[in-house]
Every structure is written in C-alpha cells, then in structure tokens.
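S.K.: Chains as they are written, first to last, in my numbering: chain A, 1042 to 1167; chain B, 1042 to 1167.
In case anyone wonders, no lab produced these hints; they're calculated from the structure. Remember, predicted model here, so these are calculated numbers, not experimental data. Some hints could be false.
Here are the computed distance ranges between Cβ atoms for each label pair [stated by the list, open to error]:
#, chain 1, residue 1, chain 2, residue 2, range
1, B, GLU1043, A, ALA1095, 37 to 47 Å
2, A, LYS1136, B, ILE1048, 39 to 49 Å
3, B, SER1105, A, ASP1120, 47 to 57 Å
4, B, ILE1156, A, ASP1086, 33 to 43 Å
5, A, SER1147, B, ARG1113, 26 to 36 Å
6, B, GLU1060, A, ALA1159, 12 to 22 Å
7, A, GLN1088, B, TRP1132, 41 to 51 Å
8, A, ARG1145, B, LYS1092, 17 to 27 Å
9, B, ILE1156, A, THR1150, 14 to 24 Å
10, A, GLN1082, B, ASN1163, 32 to 42 Å
11, B, GLN1082, A, SER1142, 31 to 41 Å
12, A, ASP1086, B, LYS1092, 47 to 57 Å
13, B, SER1152, A, ASP1120, 21 to 31 Å
We put the CB at the ideal spot given by N, CA and C, even for glycine.
Number of protein chains: 2
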Amino acid sequence: MEIMIDIEDSTPLFAQLIEQIKKAVLDDKIKPGTALPSIRQLASDLQLNTKTVAKAYRLLERDSVIQTRGYRGTFVHPDAKANCKVDLNEWVTDKLSGMISTFRESGVTDSEIRIAFANVMNNRSI
Amino acid sequence: MEIMIDIEDSTPLFAQLIEQIKKAVLDDKIKPGTALPSIRQLASDLQLNTKTVAKAYRLLERDSVIQTRGYRGTFVHPDAKANCKVDLNEWVTDKLSGMISTFRESGVTDSEIRIAFANVMNNRSI
DNA sequence: ATTTGTACCGTGTGGTGTAATGGTACAACA
DNA sequence: TGTTGTACCATTACACCACACGGTACAAAT
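Using the sequences provided together with the hints, build the complete structure.
M.R.: Below is the structure:
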C-alpha cells in the first residue's frame, strides 16, 4: 500500500490518511478481509504519532470501512467498498445547511446561531 | 427608566440591556408608544459605547419590541408586551438540540459536527 | 445647528476547539 | 515475550469568534 502524507497540505494528517485508505479500497488496491498494518507500524512508516493513526482507524471503523478484531489486528471490512461511498459528513452538512437557512430567513443573527450551537454542544441548557 | 449594568457580570453588556428593557416593558414601566432615550444618550448615561447600545436596539427592533422611526428616535412597539415573550433563541436552541442528538446517535463525532457547522456558516461548500 | 439611527474603518482581549505531539499502562491474543 | 487496539495523563501551536472599545461620516429630521 503506497500512502503519501503531505505535511505541507493544510488538510489534517488523520484526514489525509482516511482519504487515502478509502481510495485504496475503492481502487481495489486493498481488498476486503485483508489485514492492515498495525497502528504502531503505520505510524512508524509514515513518521506519524500513533495517536494520529489511531484516530484515522477509529473513524474508519465507525464508517464500517475497516474492522478491528480485538487484539488480533485490523482488517478491511467485508462491505468496505460500499461503505466508502456513504458520506456521513455530507448528510450532516445538508441537514445543518437547511436548518441554518431557515434561521437566517427568520432574522436570527449568525452570532446568535453560533452561540446557541455552542450551548447545545456543551449541554448548557440555555 | 432605571437600568443597572453590571460590568462584573459575565453576561454580555448588550444582553443585559435587552433583558432590562424587556423587563421594563413587561412591568409596564415603559409603555407602548413611549420614546426611548437615544443611543448616544443611553450610552452616555450607562457609560457604555454607543455601539453596544446600538446592538441592543437593533436586536430589540428585530424582535419587534421597539421601533426606530428613521431619524426621529426610537419608540416602544405597539405590541411590545406580547413580543417580549417570543424567544427566538429558545426556538433555535431546541431545533439545533434535536438535530445534534440525531447526529450523535448516528455516531457522528462532535468534532465532525463542529466542522460541518463552521463550513455551512462560512458558505464553504465542502 | 443639533440630534437622530446607521454604517464604515479599525484594535485588543479572552474563550474555546482542533490538531498533533509526548509518555505510560492495560488486557487479550499468538 | 512481543504485539495488538485502546485508554489515560499531559503540552504546544494555531485559528476562529464574541465582545467591547474608538473614531469618523452620512442623510434626514427637528
């Protein structure tokens, strides 16, 4: 697997990793069931911190692109190719976009929207 | 009109102003049609910047609690008492809260929600 | 001439979240 | 024993935004 990380790129390192692994799956360069390099191994190869790689793996597993089998390693998910195409972020963006448009049309200030958002995210009730 | 601003309070100054004017309206201390002090006048009285007072007035007018009549001054809105009770922020908070709960239940990270939100607010289309 | 609301330029402070780094430790596997 | 994913402690640098401030200027009303 050839993975190139560009430190100069403004895209976060963990995001670059996710992109490239997804691309490799879609291009059939790594097939379902295949074992992926361990977190420590990949971090060492790419000169990254283990936590950066762990973060990428964690998100990839949430999206069912990979599977971690306890202490036995990490493998490509059986339905990886299909799950690569499901874009959770796009769904979130669309839903938010619609709601925020409604707010703005009702005269709500961007500043007010931001503050309400921050409050909700922190479970501060009003 | 007796308005007290507490600089020590963590509540933003403009928000304190809004609260107190609304309270004065609800308590019948200032009645619909009455003229309010000018922005410069009130800022001077309360030792505030004119912009801080202007911000409070702008939001109060959006909520139809007051009315600015061009260059003739600012007056209490005819339906001020009723409009004081409409809380736009509460509506925004409720709507956002529901949507964010849905996101979280779907496994979306708080970090991802924040990033998507920032993108939408800045009209950056991914 | 003065006052009105409004709009524009700007500065500075403080809070908050992200990203990435370091180190250490654990239980479960081979 | 060595490796696996994972969890915890922490720090650094960076960026965004809210809030409040200062100054200046304008057209329309009194």
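S.K.: Decide, hint by hint, whether the structure agrees.
M.R.: Taking the hints in turn, this is what the structure says about them:
no. : hint                                 : in the structure
1   : B:GLU1043 with A:ALA1095: 37 to 47 Å : 59 Å, violated
2   : A:LYS1136 with B:ILE1048: 39 to 49 Å : 40 Å, holds
3   : B:SER1105 with A:ASP1120: 47 to 57 Å : 54 Å, holds
4   : B:ILE1156 with A:ASP1086: 33 to 43 Å : 27 Å, violated
5   : A:SER1147 with B:ARG1113: 26 to 36 Å : 28 Å, holds
6   : B:GLU1060 with A:ALA1159: 12 to 22 Å : 20 Å, holds
7   : A:GLN1088 with B:TRP1132: 41 to 51 Å : 49 Å, holds
8   : A:ARG1145 with B:LYS1092: 17 to 27 Å : 22 Å, holds
9   : B:ILE1156 with A:THR1150: 14 to 24 Å : 21 Å, holds
10  : A:GLN1082 with B:ASN1163: 32 to 42 Å : 38 Å, holds
11  : B:GLN1082 with A:SER1142: 31 to 41 Å : 38 Å, holds
12  : A:ASP1086 with B:LYS1092: 47 to 57 Å : 55 Å, holds
13  : B:SER1152 with A:ASP1120: 21 to 31 Å : 25 Å, holds
Violated hints, in rising order: 1 and 4; the structure is consistent with all others.
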